[in-house]
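Engineer: Sequence:
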Amino acid sequence: MSSPQAAYIHVPFCRHRCGYCNFTLVAGRDDLIAAYLDALERELQQLAQPRPVRTVFFGGGTPTHLPPAQLSRLLTLARHWFPWPANAEVSVEANPSDLDDERLAVLAAAGVTRLSIGVQSWNAAKLAVLERDHSAEIIEQAVRRARPMFRSISLDLIFGVAGETRSTWQKDVARTVQLAPDHVSTYGLTYERGTSFWTRRAKGSLHPVSEDDELWMYEHAIDTLAASGWQHYEVSNFARLDHRCQHNEVYWNGEEYYAAGPGAARYVDGTREMNHRSTTTYIKRLLAGQSPVAERETLGPEDRARERLVFGLRRLEGIDVEDFAQQMSFTVEQLGGKSIARFLSIGLLQQQDKTLSLTRKGLLVSDSLWPELL
0 MSSPQAAYIH
10 VPFCRHRCGY
20 CNFTLVAGRD
30 DLIAAYLDAL
40 ERELQQLAQP
50 RPVRTVFFGG
60 GTPTHLPPAQ
70 LSRLLTLARH
80 WFPWPANAEV
90 SVEANPSDLD
100 DERLAVLAAA
110 GVTRLSIGVQ
120 SWNAAKLAVL
130 ERDHSAEIIE
140 QAVRRARPMF
150 RSISLDLIFG
160 VAGETRSTWQ
170 KDVARTVQLA
180 PDHVSTYGLT
190 YERGTSFWTR
200 RAKGSLHPVS
210 EDDELWMYEH
220 AIDTLAASGW
230 QHYEVSNFAR
240 LDHRCQHNEV
250 YWNGEEYYAA
260 GPGAARYVDG
270 TREMNHRSTT
280 TYIKRLLAGQ
290 SPVAERETLG
300 PEDRARERLV
310 FGLRRLEGID
320 VEDFAQQMSF
330 TVEQLGGKSI
340 ARFLSIGLLQ
350 QQDKTLSLTR
360 KGLLVSDSLW
370 PELL
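One point on numbering: in numbering that gives the first Met the number 0, the residue at position 17 of the sequence shown is 16, and numbering is uninterrupted.
One or more of the hints may lead you astray.
[Unchecked claim] Here are the computed lysine-lysine pairs in the BS3-like style, where the Cα-Cα straight-line distance is at most 27 Å:
hint, residue 1, residue 2
1, K170, K202
2, K337, K353
3, K360, K170
Hints were generated in silico from the structure; no laboratory data involved.
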């Protein structure tokens with residue numbers, strides 16, 4: 000089997016855990032950073048030899064929360080074990096407040112090509128609800144400093160936040176268009192069990208926006224970004240020409256990938272493994288010479304095909320049903336015949352020649368379709 004061409008590295012540190020976040024992270028535990036880097040080095044040594052890749056993604060947490068010297072060590076470690084060519088895509092998630100000149104210089108010197116900046120909003124009141132520590136001015140300064148240093152700049156936005164109006168979102172989208180990033184991701188706010196937002200909603204102290212408003216906000220982003228030159232290529236993602244996120248396309252194409260760090264999930268030789276989500280447990284296990292893996296699953300041919308079907312349909316270009324059947328040894332009808340027929344009949348999916356894809360109507364409710372196909 001050919002070697003994976005992508006690697007994900009999870010950096011679990013943040014200044015503060017935002018109320019909506021259920022990712023694997025630790026806030027206010029910078030005392031663990033040095034031990035985390037030692038543990039990460041131990042984990043990467045298990046590869047036995049460097050594994051060349053064409054995409055690397057540093058996610059979190061907030062990778063740019065690391066002080067410059069430790070950020071440099073992280074990037075050096077990654078480049079040793081996952082050497083990448085000059086034309087690789089190397090993405091780092093970043094908090095606008097962290098992007099000072101010193102960190103930007105470290106990122107650029109290490110060969111990072113793409114920054115994914117967690118803007119979330121330009122509105123001070125909305126940022127306060129989201130518990131973010133930056134302002135519109137900090138965002139603009141960070142983007143303007145970073146732009147000449149990196150091949151691609153991506154901005155993340157959140158809509159559907161408690162107290163948000165349609166006008167607030169219109170202004171967020173307009174200001175994003177004005178700044179003209181290479182890539183934009185838009186996410187409707189979700190309330191995840193175990194987060195403080197989940198608890199506050201249950202107690203009635205946080206009131207979600209209406210479903211009508213949330214759908215309007217999503218459609219407004221789709222229409223405005225498309226009219227302004229971004230291609231809507233996946234449910235949540237918009238890109239200028241040649242600026243799609245190549246790393247995410249590895250996942251959507253069902254390709255294999257390496258991963259390291261707390262809670263990181265890898266897919267190698269047909270087996271999916273996930274590391275322990277606890278940063279302290281991850282560190283203890285590796286520094287004691289033990290495996291960090293908490294879960295392991297070998298996907299059968301049908302499960303692989305179902306995942307590929309759903310990831311393929313999340314992309315606006317859809318899937319070629321003949322190519323899919325040839326590659327996966329299952330037809331679309333075998334996997335979801337009745338559900339797909341129903342989605343076609345009520346206008347959530349469309350089929351043109353060999354291509355099966357979401358309609359605009361289906362796009363708006365896509366998350367409700369996937370459980371029927373998995």
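Engineer: For K170 and K202, compute the direct alpha-carbon distance and say whether it is at most 27 Å.
Structural biologist: Outside the cut-off at roughly 30 Å; violated.
Engineer: Just to be careful, I want the Cα atoms of K360 and K170 compared with a cutoff of 27 Å; is the pair within it?
Structural biologist: 25 Å, holds
Engineer: Decide if the proposed pair is consistent with the structure: K337 and K353, CA atoms, cutoff 27 Å inclusive.
Structural biologist: Judged against 27 Å, a Cα distance of about 18 Å means the pair holds.
In the structure shown, a violation is registered for the earlier hint numbered 1 alone.
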